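Chemist: When you get a sec, could you build the whole thing from the sequences and use the hints?
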Amino acid sequence: MKKRLLIFTTLFLALDQILKVVIRHFISYGTSLKVINNFFYISNVHNDGAAFSSFSGNTVFLIGMTLFSLVIVYYCFVKDKSLKSVEVFFIGMLLGGILGNLVDRVIFQYVTDYLEFIIFGYHFPIFNFADICIVVSVITLLILNLKEDVWKNTKSKKKAVA
3 MKKRLLIFTT LFLALDQILK VVIRHFISYG TSLKVINNFF YISNVHNDGA
53 AFSSFSGNTV FLIGMTLFSL VIVYYCFVKD KSLKSVEVFF IGMLLGGILG
103 NLVDRVIFQY VTDYLEFIIF GYHFPIFNFA DICIVVSVIT LLILNLKEDV
153 WKNTKSKKKA VA
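Numbering (my numbering), first residue to last: 3 to 164.
Everything labelled a hint here was simulated from the structure, so no lab data went into it. Any given hint could be a false lead.
Think about it this way: if two alpha-carbon atoms lie no more than 25 Å apart in a straight line, the pair counts; the simulated DSS-like pairs of lysine-lysine are [as the list claims (entries may be wrong)]: (1) K81 - K5; (2) K149 - K81; (3) K86 - K5; (4) K83 - K149.
This structure is a prediction, so every number in the text was calculated from the model and none was measured.
Modeler: Pasting the structure below:
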C-alpha cells in the first residue's frame, strides 16, 4: 500500500513539475497564450502567496504551513491505516499536489500558475495542476469518508432493527 502511495505521489508531483517547466520555458513571464478567446488562456504568472494570493510575501510561513499539512495528512490518512486502492490514489494525488507547490516555493520563492479562466466576465484566479490535484483529492476524500460513514450508520441501524 505504501509503495503504491509513493508511486502515485511521485507521478502527480512529476507531472506538476513537468508542466511548470514547460510553461516557464515556452511562455514568457507575465504573458498569456489564448486557447479560447475570452474564456481560457495559458499564462505564466508567479504567486508568492497561497490561494487567491492570500499571505502574499510570506514564503517562510507558507512553507511551514505546507510541511505542517503534510504531517497532518500523514497522521490522519496514512499512518497505521488500511487504505482502499481509491483512497491510495487520491491521497497520492493530494500529496503530489502539496509537494508540487512546495517544491516551487522552496526553489523559486513563488508558485508558477498558468491556467486562466474568464467565466461570465469574471477573471477567475490563475491556478495550476497541483492546485487541481489538491482540490479534487480533498473533495473526493471527503465524499468517500462521508459515504463510508453513511453506509456504516445504515448498516448498524439495520442490525439494531433485526
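Chemist: Does each hint hold? Answer for all of them.
Modeler: Tested hints:
no.: 1; hint: K81 - K5; result: holds, 13 Å
no.: 2; hint: K149 - K81; result: holds, 21 Å
no.: 3; hint: K86 - K5; result: holds, 13 Å
no.: 4; hint: K83 - K149; result: holds, 18 Å
In summary, this structure violates none of the numbered hints.
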